[in-house]
Amino acid sequence: MGGPGTGMDRTGKLAWLVALALLVVAPFVGVYPIFVMTALCFAIFAMAFNLLLGYTGLLSFGHAAFFGGAAYVTGWLVHDQHWTPELGLLAGTAAAALAGLVVGLIAIRRQGIYFAMVTLALAQMLAYGLEHASFTGGEDGIQGIQRGKLFGLVPLDNDLALYAFVLVVFVAVFLFVLRVVHSPYGQVLKAIRENEPRAISLGYDVDRYKLLAFVLSAALAGLGGGLKSLVLHLATLQDVRWEQSGEVILMTLLGGLGTFAGPVLGAFTVVGLQNLLSDRVGSWTGVIIGCIFVLCVVAFRKGFVGELLAWHKRRQPKA
Amino acid sequence: MTEIFGVPIQALFGQLMLGLVNGSFYAMLSLGLAVIFGLLGVVNFAHGALYMLGAYVAWFSMDRWGVSYWWALLLGPLVVGAVGALIERTLLKQLYKLDPLYGLLLTFGLALIIQGVFQQYYGSSGQDYSSPDALQGATNLGFMMLPNYRGWVIGVSLVVCFGTWFLIERTRLGALLRAGTENPSLVQAFGVNVPLMVTLTYAGGAALAGLAGVLAAPVIQVSPLMGSNLIIVVFAVVVIGGMGSILGSIVTGLALGLIEGLTRVFYPEASGIVVFVIMAVVLMIRPAGLFGKEK
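Quick mapping for you: the protein sequence lines, in order, are chains A and B.
Here my numbering is used: the first sequence runs in plain steps of one and ends on residue 319.
Here my numbering is used: the second sequence runs in plain steps of one and ends on residue 295.
None of these hints come from the bench; they were simulated from the model.
Please note that the accuracy of each hint is not assured.
Unchecked claim - Under the rule of at most 25 Å between Cα atoms (straight-line distance), these lysine to aspartate or glutamate pairs were calculated in the DMTMM-like manner: (1) A:302 - B:99; (2) B:97 - A:196; (3) B:97 - A:307; (4) B:97 - A:194; (5) A:302 - A:9; (6) A:302 - A:194; (7) A:190 - B:99; (8) A:190 - A:9; (9) A:149 - A:80; (10) A:302 - A:196; (11) A:313 - B:99; (12) B:93 - B:182; (13) A:149 - A:159; (14) B:93 - A:307; (15) A:313 - A:9.
What the hints assert, rightly or not - Interface residues of chain A toward chain B, partial, derived using beta-carbon atoms under 10 Å: (16) 53; (17) 57; (18) 59; (19) 109; (20) 116; (21) 132; (22) 249; (23) 285; (24) 298.
Treat the numbers as computed from the prediction; the structure is a model and nothing was measured.
Note that CB positions come from ideal geometry on N, CA and C, so glycine has one too.
Kindly produce the complete structure, drawing on both the sequences and the hints.
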């Protein structure tokens with residue numbers, strides 16, 4: 001990393017190292033580890049979503065199906081079939097990738113606004129299937145999921161052990177997304193986002209690039225969902241519903257579309273806000289989230305990181 | 001008793017009639033979505049919430065002020081249309097130069113707000129709203145009993161749908177609207193107040209949703225979630241029909257309602273997803289939708 005073209009200057013790198021250091025010490029200085037882990041799972045989800053919307057320009061309104069679907073698969077395998085957590089996670093991720101392949105094949109036949117509607121409808125279909133499947137526990141979902149032992153050795157019931165595991169997965173996903181975006185493949189994705197007809201005229205098989213991006217994004221969303229089912233011992237219909245798909249859009253938008261730090265910041269903000277609000281205002285939380293959504297779209301489209309970068313850019317010529 | 005494919009004919013016609021009632025709502029809602037999308041380029045996610053709002057206007061005015069169903073038929077669309085005009089003037093207006101995806105996101109946020117506020121006051125449980133005395137009872141059609149209110153819903157929605165079609169395709173106002181869809185700046189240059197037309201179009205689409213809500217109030221329980229479950233099905237209907245044609249969205253809406261009714265008779269497990277399956281099949285065969293034009 002580093003050097004021209006990687007999009008990360010010295011300040012950016014430093015910021016990430018500081019953030020990582022903060023995450024490492026967080027549970028030792030009294031921050032509630034379950035909160036940070038939940039936020040990290042949603043950060044993985046938002047990064048996966050950002051890969052699709054921020055870097056490829058595809059708005060999926062059905063990503064909760066992959067997130068929540070994988071939560072069910074991982075939860076069921078670890079809880080009922082007594083698989084080890086890492087195998088359960090892999091299976092959840094693979095299931096999400098497969099679902100992503102099917103949904104992607106159908107959805108990429110339409111563009112823009114239609115793509116959003118098609119993904120929403122297909123996700124609703126998956127959610128309906130999960131609600132009525134035999135292993136998902138209907139309205140109750142799968143509760144009290146035992147985390148099991150990582151590789152059959154390390155018991156994850158210890159919150160600190162799980163914390164370390166979640167953090168490692170998060171960093172791995174972050175580096176993976178960084179790598180993908182800066183690879184030649186990632187550059188083609190950006191070209192498609194900027195001008196699809198031109199990418200086609202340059203000879204790129206745009207549909208295959210989009211499909212791969214969709215599958216990658218679905219798989220990573222699934223990884224985040226599977227991890228979440230272990231952290232919270234829970235997989236429910238709430239994770240699959242369209243409100244959840246909307247939430248991940250909000251996280252990405254609020255943090256900054258098409259930036260690396262944006263989805264992570266957005267996830268921490270939204271999860272933090274929900275924790276804070278649900279204690280104080282209860283069910284008004286949904287209304288407040290809706291208001292933030294509207295404000296964000298009308299007046300704050302660049303998000304935290306986008307605004308920061310724009311401010312930085314404005315300042316630079318004078319310096 | 002007569003049977004078709006092992007299904008009593010009474011049950012078959014009963015489900016077909018229910019399907020036609022659902023299809024009437026699909027048609028009215030997808031029609032409003034198509035009209036709004038045509039001129040504004042916005043996919044109105046709040047459409048389900050506006051439909052719910054219409055139903056609550058009917059229930060609330062009856063419950064509080066004893067306003068009869070017939071006045072609610074007028075009041076519902078007016079109130080919801082006014083809310084629509086307000087939304088367009090204050091919020092949507094700021095997004096027209098941007099990617100249409102932002103319109104979808106904004107209306108999604110609005111749907112969350114409207115739905116959330118109603119959930120706050122009414123929870124998730126439904127309120128009963130009885131149909132007016134004049135429309136109670138049922139008529140014997142010889143082969144089946146038709147509950148009068150359901151017949152009324154189908155009739156009204158057909159009249160409203162084809163009225164809208166006539167307004168847009170056959171009148172001067174409609175011609176301006178269609179011209180505005182093609183080239184708003186040229187129409188503006190001819191002295192037409194395009195921003196006003198845009199506001200009225202959104203208000204009109206919203207009013208259609210509000211009217212559908214009032215019509216639905218006696219058929220289903222009035223609840224805050226009644227719109228959010230419906231809107232996704234209506235989106236699928238819109239994708240199947242393609243948003244290019246007014247007549248297309250009416251026909252697709254009614255047809256899908258009927259197909260859903262048939263599925264409920266012959267394979268009930270699939271009735272919740274049959275519309276989505278059809279959508280997937282149509283996308284594979286004819287990506288632009290049945291009545292859409294490939295751009």
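How the hints compare with the structure:
no.: 1; hint: A:302 - B:99; in the structure: 14 Å, holds
no.: 2; hint: B:97 - A:196; in the structure: 19 Å, holds
no.: 3; hint: B:97 - A:307; in the structure: 20 Å, holds
no.: 4; hint: B:97 - A:194; in the structure: 17 Å, holds
no.: 5; hint: A:302 - A:9; in the structure: 20 Å, holds
no.: 6; hint: A:302 - A:194; in the structure: 17 Å, holds
no.: 7; hint: A:190 - B:99; in the structure: 16 Å, holds
no.: 8; hint: A:190 - A:9; in the structure: 20 Å, holds
no.: 9; hint: A:149 - A:80; in the structure: 14 Å, holds
no.: 10; hint: A:302 - A:196; in the structure: 22 Å, holds
no.: 11; hint: A:313 - B:99; in the structure: 24 Å, holds
no.: 12; hint: B:93 - B:182; in the structure: 18 Å, holds
no.: 13; hint: A:149 - A:159; in the structure: 12 Å, holds
no.: 14; hint: B:93 - A:307; in the structure: 23 Å, holds
no.: 15; hint: A:313 - A:9; in the structure: 13 Å, holds
no.: 16; hint: 53; in the structure: 9 Å, holds
no.: 17; hint: 57; in the structure: 9 Å, holds
no.: 18; hint: 59; in the structure: 5 Å, holds
no.: 19; hint: 109; in the structure: 4 Å, holds
no.: 20; hint: 116; in the structure: 6 Å, holds
no.: 21; hint: 132; in the structure: 8 Å, holds
no.: 22; hint: 249; in the structure: 7 Å, holds
no.: 23; hint: 285; in the structure: 8 Å, holds
no.: 24; hint: 298; in the structure: 6 Å, holds
The structure agrees with every numbered hint stated previously.
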